[in-house]
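**Q** Produce the complete structure using the sequences and hints provided.
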Amino acid sequence: MSALNILFAAVAFATAAVVVWLCVRWHRLSKTEGYKRLSARTYAWCLSFAIIPVAFGVLCLMDYYKGSPLAPFLLAAATIICAMATLHRENGKTFLRTARDFVSAYAPWDSRPRKMRAPRFLSAPAARIRKARAARKASRDERLSAREASGDKPSAARAWLHGTFAPWAKTDLVRLAVAALFAFVSLEICWHVNLVWMNFLSRLIDWAMILLAMGAMYFLFQRRSWGAIAVAVALYVLGIVEYFVVVLKGSVIQAGDIYALGTAAAVSDGLKFDFGGTVLLGAIALDLCFLALQRISPVVRRSAVGLDSPADASEAAAPASAKPATADEKDVAPSAATAPSRRAGHRVLGVVLNVLLACACVLGAWGTTHAAYAWTQFLGTKFWQPVVAYSDHGFLTSFFSMWYGMPIEVPRGYSQQKAKSIEKKLAKQYDSSDSAKTYARAKAQFDQVKPSVIFVQNETFSDLSKFYDIGYTGYTGPEYFNSMSDTLSRGVLNVSVVGGGTCNSEFEFLTDNSMAYVGTGKYPYNLYNFSKVNSLAKQFKSIGYGTAAIHPNIASNWNRDKVYPQLGFDQFLDINDFQGAPVFHNGVTDLATYQKILELIQSSDKPMFITDITMQNHTGYDKNNIPADRLTNYQLKNVSAYENAEFNEYVSCIKASDEDLNTFIQELRQLNKPVVLVFYGDHQPNISSNYLNDSVYPNEDKSSLSHQLRAFKTQYFIWANYDVAGTPAKSTNKEMSIGYLSSYMMELIGAPLSNHQKANLQTMLKMPFLTLMGYSDTNGTWRESSTELTDPSVSGDSPAAKAYRNLDMVQYLEFGSKVKH
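Remember, my numbering sits 342 above the position in the sequence shown when you count from 1.
Hint data in this document are derived by calculation from the structure and do not stem from the laboratory.
Any given hint could turn out to be false.
Claimed, not checked - Computed list of lysine to any residue pairs in SDA-like fashion (alpha-carbon distance at most 20 Å, straight line):
(1) 880 with 915
(2) 808 with 822
(3) 779 with 1106
(4) 880 with 914
(5) 1144 with 1067
(6) 808 with 1078
(7) 1160 with 789
(8) 883 with 1096
(9) 767 with 1139
(10) 948 with 791
(11) 779 with 760
(12) 779 with 1067
(13) 997 with 970
(14) 938 with 1013
(15) 1160 with 779
(16) 883 with 831
(17) 808 with 1074
(18) 408 with 981
(19) 948 with 1014
(20) 965 with 944
(21) 997 with 815
(22) 880 with 822
(23) 965 with 615
(24) 1108 with 764
(25) 779 with 822
Stated by the list, open to error - Computed spacing ranges between beta-carbons, pair by pair:
(26) 814 with 1011: 11 to 21 Å
(27) 1096 with 600: 48 to 58 Å
(28) 519 with 966: 44 to 54 Å
(29) 583 with 1046: 43 to 53 Å
(30) 749 with 381: 50 to 60 Å
(31) 1076 with 408: 36 to 46 Å
(32) 782 with 948: 18 to 28 Å
All of these numbers come straight from a predicted model, not from anything done at the bench.
Here a beta-carbon is modelled for each residue, glycine too, at the ideal position from N, C-alpha and C.
**A** The structure is reproduced here in structure tokens:
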């Protein structure tokens, strides 16, 4: 525990003690200085402000706070001010007079201030405001007097609206609007401080959503503040979660994450949740939100029950026996007896009206989410850079824009017949190409050999030295991986995710589909049923292969326990099959999973198709759990010591994976069964998008496609322990996208190709790279992916654009039309 955290904890606990002292002191002043005796509700509100400092102090003692030293003191000041303002709200004296009494109570008699005056620049405007308020009141009273003198009496409905609705419109609506503003700030400022530069209309839409949500809860709770308080707290908690997602994963909470809460909880075990000063700024905004909401309270208006003064109220409350009834009073008794029933009717009417208003607010909030989507669509916002988009448009506007974009869009001009025609045409073009002749030789061999096919998706495996100019550190990447010279093919692999989203890389490889046509912020494993979708497992199973999947973690991660059977896997080995297995860094070692692969192949009478999703290198590179003799010590420039330590922890994991890969390959070489191995990394680590890319290339436009694409690259290789017909003896170096990788692998080894895979291979000739971020032509020029590419009048008629549109049709035929959101 650091000394600063001990100091901050002391400040936090002292702040809570001051709040308690304020309550006690006020109670005493109510007896000696003529202060109003406050209600228990007010004291409860005041004490509630001490909750956040106490929680912060506990977290400081646990050494979780790593932020600015100024933020804790700002929180302390805001807490005390809010508590004092809460106590003062029921007092008839001025705030300055109250402060004077608090000070003078502890000062020597002779040193007590005799009179405290407000500064002139404050008192003069205040006097003008009081004068204008008095003039308005006098004018209103004059109009009422004139109306009474003329005998013009308002109707019962008008009197009820004037006595009940009008005061709310003047007070509670304003308080809700102010509270919604501070709730918006508490949500946004937790994870970024770019509020000034955020799009203005997006800010307004976000604020309107919050105001309508608070309004709905306000009316639902019969004009009490409890529901609005729940909304404010939920938004602040959401802001904290967003902060950790941005810091730990370099991403944001997206619409598809709702379906991945279980996976997020499972893989977050062991991550270090330090927080910074922006979280405390959010707490300050939450306090100010509470300060506005605590002034909302149910008020029984005397005019509603026919009472004009407190004296009337006390007289009405007196027991009937206190005053003897006269003959005249007996005559009006029946009429008076009906008054309670009328008041009950008014109360029922009020409840119904409040519920209707709550429903109206819900409809308004729902409409505002549609407005958010329409606004981002109008601006053409690109959500392939979600952190940038969320910073520009705010959390709620961005989240709901992505939510409404969840369903897979039908390509313009799509019909099943047209899509099948395009797919058949591309397959026919492939069959008549030179590549088909080479494939025919490999296919004849494959039909005889029937090798087992293994694909290893190695968690976060990437040689960062290939993509970032960090040669000055001495780091040259994974040694054995880079030295392999007898692969069938190897090279750079363009992927659609960074720092997380493992299942999306897995989806692209297993189904031959690209996330470019699925959309940003979606995780297909959590959204769709794959029973009708073609996959590699089903393809190999149809020719007599056994199928198995391995993932040394919880089976339900990314919904794999449900998706794998739908994809055609007969067997799934999860964490329960690795009891007692060796562990490195964040999970079961890669080598332990490789041993399971060898056992499956050796024990099966049939050739096997096996997928292995490793876990060892999973994110969280500040755990300090790498043995000293295995920890590297490379020194990056332009980064902090903490970030440099993260980099070395990651590199040490890659080194361990490289050593396990070497052992695995040597065992496969000696295996007496033919085997094909596909090995690739699913994505780069979060450190790439968090700071490495920007620190190595500080002069590049951070929002440019070329800068961002650097973080969306890993490597792959395809290797066999036998000589594959039609392939050169030396490794072929070929860059590609992960959506093409399985089709390319099937072609190399001569496995049966579907029309979809042939269409992929033919498309790759004109559009070599395709990911969620964009696509490239044969010259290597990248363009952003867009739904407008389905419209030739917008996107043009370049070969790459035509290929994009054609593949869009094919993928919707093979995937989009077969799944439901």
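**Q** Does the Cβ-Cβ separation between residue 749 and residue 381 fall within 50 to 60 Å?
**A** Once the Cβ atoms are compared, 52 Å apart, the range 50 to 60 Å for residue 381 and residue 749 holds.
**Q** Does residue 789 sit within 20 Å of residue 1160, going by the straight-line distance between their CA atoms?
**A** Distance ~30 Å between residue 1160 and residue 789 Cα, so the pair is violated.
**Q** Taking 20 Å as the top limit, are the C-alpha atoms of residue 1144 and residue 1067 close enough?
**A** 33 Å, violated
**Q** Need the status of pair residue 965, residue 615: alpha-carbon distance at most 20 Å?
**A** The given pair, whose Cα atoms are some 11 Å apart, holds under the 20 Å limit.
**Q** Given a hint of 48 to 58 Å, does the C-beta separation of residue 1096 and residue 600 actually sit inside it?
**A** 33 Å, violated
**Q** Holds or violated: residue 948 with residue 1014, Cα cutoff 20 Å?
**A** 14 Å, holds
**Q** Residue 880 and residue 915: Cα distance at most 20 Å?
**A** Holds. Residue 880 to residue 915 sits at ~18 Å (cutoff 20 Å).
**Q** Check whether the Cα positions of residue 1160 and residue 779 lie no farther apart than 20 Å.
**A** Given that 20 Å is the threshold and the Cα spacing comes to 33 Å, the pair is violated.
**Q** Going straight from one Cα to the other, do residue 938 and residue 1013 come out at no more than 20 Å?
**A** 14 Å, holds
**Q** Need the status of pair residue 808, residue 1078: alpha-carbon distance at most 20 Å?
**A** Answer holds: residue 808 to residue 1078 is near 15 Å, not above 20 Å.
**Q** Would the pair residue 808 and residue 1074 pass a check requiring their Cα atoms to be no farther apart than 20 Å?
**A** 17 Å, holds
**Q** Measure nothing beyond the straight line between the CA atoms of residue 883 and residue 1096; if it is 20 Å or shorter, mark the hint as holding.
**A** Holds, at roughly 14 Å.
In summary, the structure is inconsistent with hints 5, 7, 11, 15, 16, 20, 22, 25, 26, 27 and 29 from the numbered list given earlier, while agreeing with the others.
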